Amino acid sequence: MNIKKVVILGSGGLRIGQAGEFDYSGSQAIKSFKQEKIFTVLINPNIATVQTDDDMADRVYFQPLNIETVTKILEREKPDAVALSFGGQTALNLGLDLHDAGVFKRLGIQVLGTPVSVIKATEDRDIFKNKLAEIDVHTARSLATYSVKEALEAARTIGYPIMMRSGYSLGGLGSGLVTNEKDLEAKLAEVFNNVSQVLIEEYLTGWKEVEYEVVRDIDGNTITVCNMENFDPMGVHTGESIVVAPSQTLTNEEYHRLREVAIKTINHLGIIGECNIQYALNPADGDYRVIEVNARLSRSSALASKATGYPLAFVASKLMLGKRLHEIKNAVTGTTTAFFEPALDYIAVKMPRWDLSKLKASDHHIGSEMKSVGEVMALGRSFPEALQKAIRSLNIGANGFTDHPYEIENPMDEIKFATDRRLFAIADVLAKGVSVEEIHKQSYIDPWFLKHLADIEATKRQLQTEPLKSELLHTAKQKGFSDKTIAKLIDTTEHLVRKTRLKMGIIPVVKQIDTLAGEFDAETNYLYVTYHGNVNDIKPLGKKAIAIIGSGPYCIGSSVEFDWSAVNTAKTLNKRGYKTIMINSNPETVSTDFDRSDRLYFDELTLERIQDIADFEQAHGIIVSVGGQIANNLALPLAQAQYNILGTSAEQIDNAEDRQKFSAMLNRLGIDQPEWQEVTTLKAAKKFGLDVGYPLLIRPSYVLSGGAMNVVQDEKELETYLGEAAKLSPDHPVVISRFILNAKELEIDGVAQNGKLVIYAISEHIENAGVHSGDATVVYPAQKLYLETVRQAKNIAKAVVKNLDITGPFNIQFLAKDNELKVIETNVRASRSFPFVSKVSGHNFIAIATDAILGIKNDMVYQTLELDHVGVKNPQFSYNRLKGADPVAGVEMASTGEVACFGDNLEEAFYASWLATDQKITGKHLFLSIPTQQKHKFVEEAALLVADGWTIYTTEGTHDYLKSHDVKTTKLYKISDHKEPSVHSALLGKKFDLVINVPTPQDTSTDGATIRRLAIDNHLPLMTNPETGRLLLRCLTDPELKDVQPKYWQEYVPK
Amino acid sequence: MSKLPITTSKSTHGNRSNGGDFFVSKNSKLYLSDGTTFGGLAPDWQTGAFSGEVVFNTGMTGYPESLTDPSYSNQILVFTFPLIGNYGVDINATESGKIQVAGVIVSEAAEGWSHTKSDRSLIEWLHSQNIPIMTDVDTRALTKYLRTRGTMGGAISDSPIKTTDIKLEQKFVSIDAPVTYNKGGKKKVILVDCGAKENIVRSLVAEGLEVKRVPYDYDYTDEDYDGVMLSNGPGDPTDYVPTIENARKALELGRPVFGICLGTQIMALAAGAKTYKLKYGHRGHNQPCLEIETNKGYITSQNHGYAIDSETLPKGWKVSFKNLNDNSVEGIEHVSKPFFSVQFHPEATPGPTDTAWLFEKFRGKL
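In order, the protein sequences belong to chains A and B. Each residue of the first sequence is one higher than the last, beginning at 1 in the working numbering. Each residue of the second sequence is one higher than the last, beginning at 1 in the working numbering.
These aren't lab readings, by the way, just hints derived from the structure by calculation. Computed from a predicted structure; not experimentally measured. Please note: incorrect hints may appear among the correct ones.
[To be verified] Listed below are the simulated DSSO-like cross-link pairs for lysine-lysine, each with C-alpha atoms no more than 27 Å apart in a straight line:
| no. | chain 1 | residue 1 | chain 2 | residue 2 |
| --- | --- | --- | --- | --- |
| 1 | B | Lys296 | A | Lys131 |
| 2 | B | Lys365 | A | Lys264 |
| 3 | A | Lys469 | B | Lys365 |
| 4 | A | Lys575 | A | Lys441 |
| 5 | B | Lys279 | A | Lys539 |
| 6 | A | Lys817 | A | Lys744 |
| 7 | B | Lys322 | A | Lys329 |
| 8 | A | Lys416 | B | Lys117 |
| 9 | B | Lys315 | B | Lys361 |
| 10 | A | Lys432 | A | Lys469 |
| 11 | A | Lys323 | B | Lys296 |
| 12 | A | Lys31 | A | Lys575 |
| 13 | A | Lys323 | B | Lys322 |
| 14 | B | Lys117 | A | Lys264 |
| 15 | B | Lys26 | A | Lys503 |
| 16 | B | Lys296 | A | Lys329 |
| 17 | A | Lys924 | A | Lys935 |
| 18 | B | Lys322 | A | Lys264 |
| 19 | B | Lys296 | A | Lys264 |
| 20 | A | Lys358 | A | Lys264 |
| 21 | A | Lys264 | B | Lys361 |
| 22 | A | Lys329 | B | Lys365 |
| 23 | B | Lys117 | A | Lys441 |
| 24 | A | Lys883 | A | Lys991 |
Full structure from sequences and hints, please.
Below, the structure written as structure tokens:
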């Protein structure tokens, strides 16, 4: 193959079903292509990724992944080939669309790896089933249907319960178990809105779910790199299930029969590169069904790659270029080839991370649709050890299987009908003496797993009742109990348990992951910590090394940006001659790639484990300021235990984190802040409300499970909220603060050294204050700030930086109203917007921060206030995955990811970045619903739209208001009017191309929420914020935006 | 070697309430012939010292098959995968009539096993045949030790022993008298049983062949047959003097001969080539082999400690498969006559089934 230029399609913003794993796969592919001297062009609007860094692809387009934009880019770039399999389902679907539109053919572009016809065979259920039937491979009994009527008939033929599936799914959207005709009818209505084909399949209750990752080259050499078994049997999406690798309960016959079927199937389909194949396996008789084949890198392949150490994406990219498996080197051993199947001498456990409590009204049941926002992986040499590590890694307040924060009323219900806390429900019933058999009967979870869980519970009881002798303590540690949990059980402190344990010589050992179970000498740097063993595989690195605490699992509020920060920190440390030790528990990351650090500890980010690693490695110090909040929270306890925290001191980090201390400092410095108070009684809360006035922002101090932040409009709401959602007590104080209306929000991201500002960037939010900064649309450089405001912000930043004696990254958030600034909060760590401001300004803030931490003097003067271009960062929401959740941005963060695009002006950048969040406007029908106080803001835009040929639909209030300003709109009845033509039927009939529904502050009627939910369920673009809504309307009437030619990053910001 | 941090002498395994094994274990040690020891636990019923050559296997499934593989006789088998016994034991999924290994070393032996086809736990099964086991061993450290020093003799014992007490004996594993399977099959093959795995018999029968299984030292060369299958088996191939002699005669007769594992070494020796001992052998299910003529790769199941020296292959013979990890000989073939053999196990069990087609190839040549 003679390929000189390749375009790689990325996956866009992180969303449920498609998270950071594609940064890993895309990054490996780019490195691999570049190694072959291929010019690489990446299209991905996800600015917080490592793959969009300046040392990765030769050209990066921060552009929407839609057919129009990508066609323009392909016409401009004229590549030899395009890679579709590194950007998840987004890239694959887009590739199929481009193929169907004849773009590849017209431009003479080759699709690398698996041919499009084969991808189609795996994506279209009917073709897929027929193909597999040709070689006598069993698939689940199913019928393809094209209408509600057909689907109902098919279900009757197969018999309930049935499994409903829609083709072209991403994370199983539109799929699920249906037990009766009534439910099926309701679900079909929504699904057929999105797809033309729905499959009705036999329901394989209680079957095991197993998958294999398969790699195949052009000669047909095929291997299965890894197999994995789900803890949760069929019925729970594999992305929602606890997964172990390798499979644990399969016999040799079962393992190899499924392996053989996998190889046969993949050969018959003709896949080139990587894919995965999923099975249902009947535990009673070994019968199997193939569920699906994904002809691309997936979440599972990222997991398999991290679980085995086999660089799947890297190898897949070489295979696409026509290399044979045995011609590729095993990068882990350095001596053997990629043609082998890894042998593990440990067990990997993956656990999903949900964030359902952050989303109002969303349902906690899990099933065949994905709801989790991230995952963790833990490695150990026993199942309990790995499982309990994984639980702690989730960062949900659980210290282990038996030590969780949930109060589960009916645990047996949650075991039978799985929820996000099913595992802990099992812990609760085991503690009450319910048998393994009974739990198995209700859940179908294999007894092998349950017996281990019972064993953990038994050890817990032993710890409670027996004296803590060294043998028992050692057993408990081997079963994954944390010092903290043991301390709780025996009523002492974590510190004391650790001290006793070390005295007894019970110290974990460091083991390598070498892909060959020790059979060959491997130069691997991939490590984990275990209590099952007594010999360390490696020697400490000592003082020349620096440890970096990574991000932990992705969740709402912590996403790829912290992985990007950790990776760039390691890169800079290496450049400065230090060895790096990366610690992380998230398999969907680039930081856990084998070639990103000198040592990679795939392990939990807890005080105990960081201490274990630090004690072993004896490194120079630990960097806690680039991994986000988990790492940041470890600063103080680590410093108290005498570990060397690099950068801003732990004490000063605490001074910024502790609300009382921080507030006192601001007062001392004469810096304004919104009035706030910590209250423990309702009386005090009411008095505060009376003093400062409503609305008030309330945040419970224990924001773990439930009790989210909220805004209350009056005393009555305050009473209700504090009575129900956040039970007040001296142990659980609540912070209330004045909620300032109609203020602007701005942020400073920066780096300081010894209390002196080195670089800073000022960005502004398009939305007025009240939208969480993670859900806000951020503009950098700020376009609409008075110079006076800028000067004030800078001066405040200088004072804060000086007083906290900051060395390293920081972020300050401000409220601006009438040219006056108030500080909302300061984080003495890298923030969410670091990659954004770095890439827009062209200065890598993390590299600069790392240098600052290392004490390297920096006299550079950076121009960051005025640039020739604008960057706009937009939140990516996943509401279509979360049934019942009200899709409106508020004070609690709800977005799962973000994208950013560039432009020559604000409108250009904003419009591109809005489209890049997977939005599309296909016609000129707008539904507009705005509260009275905001109506005036939309008059001008509405008039322009009408002049441009748009039809605007409104309900009474907005209709009359616009009419009085000479804007003609079509009036619809409100949902609550129960009259036609109504908003309701128009939404169902998809009459609108855009829905703007701005909630009123006191949105007590359900109309608004129903409209928003219906818009999401019917896949209509929805805007709920008046400022961004208005900006979008302005973009829609701007004729110049249609003809914008996409430019790549290096055109805006030359290297 | 550092010691296990457990200082108390007894440990209770299992938990009566969830129905697994329940037994008390005691400290035990693996004594290697170079004087090194590795600590662990052993069930309390286990007394005395048990010797064998200590080898490791990297397969992640198939312990019932491996433990009954006659090629492991006289060997103490270390499983590198830490969790062994998860699915209990199905006596039908075994490769000979009894457990063949001299001892078992694991990190964890499952107490709570689960599978519909199984009826006993690993520990129960070992106990019933008086096979020693050590658990709670740092098997990775032991494996790395064997990899760097080479396989060596050792003994499992709960009381100290001298290295001179470690007894390594070469035992032949075979049947006493010929047995015929699938009488009236399309063609008749002689299976020379040097410790043949059951699945070799099953695989030949599945090809529709009549199989006459004969003892390793049995002279079949003047009998009426269509082909010879030289089986796998334990130990040094050069010890199989009568087997080699008979194979030499069979080669002269010119009818098809197919060798597996030890059988491939016997064929090489019969042809005049030499064998040598590998430092720590190939034992696992992930051994990559390349078929030289087709440039096609296969993942194979292996269990051998000796290999063919390709330099010594006489004229008329060629290397047909090579190991992609260390380039060692994985198969030889005669350039014109129907003689071929492979070092790996096409019959699998345990391990991948990628090369099962070799049985079909053999049938085709008959």
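Hints, verified against the model:
1. Lys296/B to Lys131/A: 25 Å, holds
2. Lys365/B to Lys264/A: 25 Å, holds
3. Lys469/A to Lys365/B: 67 Å, violated
4. Lys575/A to Lys441/A: Outside the cut-off at roughly 57 Å; violated.
5. Lys279/B to Lys539/A: Holds, because 26 Å separates the two Cα atoms, which is no more than 27 Å.
6. Lys817/A to Lys744/A: Status holds; Cα separation ~6 Å.
7. Lys322/B to Lys329/A: Roughly 17 Å between the alpha carbons, so the hint for Lys322/B and Lys329/A holds.
8. Lys416/A to Lys117/B: Cα-Cα ~26 Å, so holds.
9. Lys315/B to Lys361/B: Measuring from Cα to Cα gives roughly 23 Å; hence the hint holds.
10. Lys432/A to Lys469/A: Cα-Cα ~26 Å, so holds.
11. Lys323/A to Lys296/B: Satisfied, since the Cα-Cα distance of roughly 13 Å is no more than 27 Å.
12. Lys31/A to Lys575/A: 18 Å, holds
13. Lys323/A to Lys322/B: 20 Å, holds
14. Lys117/B to Lys264/A: 26 Å, holds
15. Lys26/B to Lys503/A: Holds, because 24 Å separates the two Cα atoms, which is no more than 27 Å.
16. Lys296/B to Lys329/A: 17 Å, holds
17. Lys924/A to Lys935/A: Answer holds: Lys924/A to Lys935/A is near 21 Å, not above 27 Å.
18. Lys322/B to Lys264/A: 24 Å, holds
19. Lys296/B to Lys264/A: 15 Å, holds
20. Lys358/A to Lys264/A: Not OK: Lys358/A and Lys264/A at ~45 Å, beyond 27 Å, violated.
21. Lys264/A to Lys361/B: Roughly 19 Å between the alpha carbons, so the hint for Lys264/A and Lys361/B holds.
22. Lys329/A to Lys365/B: Violated, at about 37 Å.
23. Lys117/B to Lys441/A: Between Lys117/B and Lys441/A the Cα gap is close to 18 Å, so the pair holds against 27 Å.
24. Lys883/A to Lys991/A: Roughly 22 Å separates the two Cα atoms, so the pair holds.
The earlier numbered hints that this structure contradicts are 3, 4, 20, 22.
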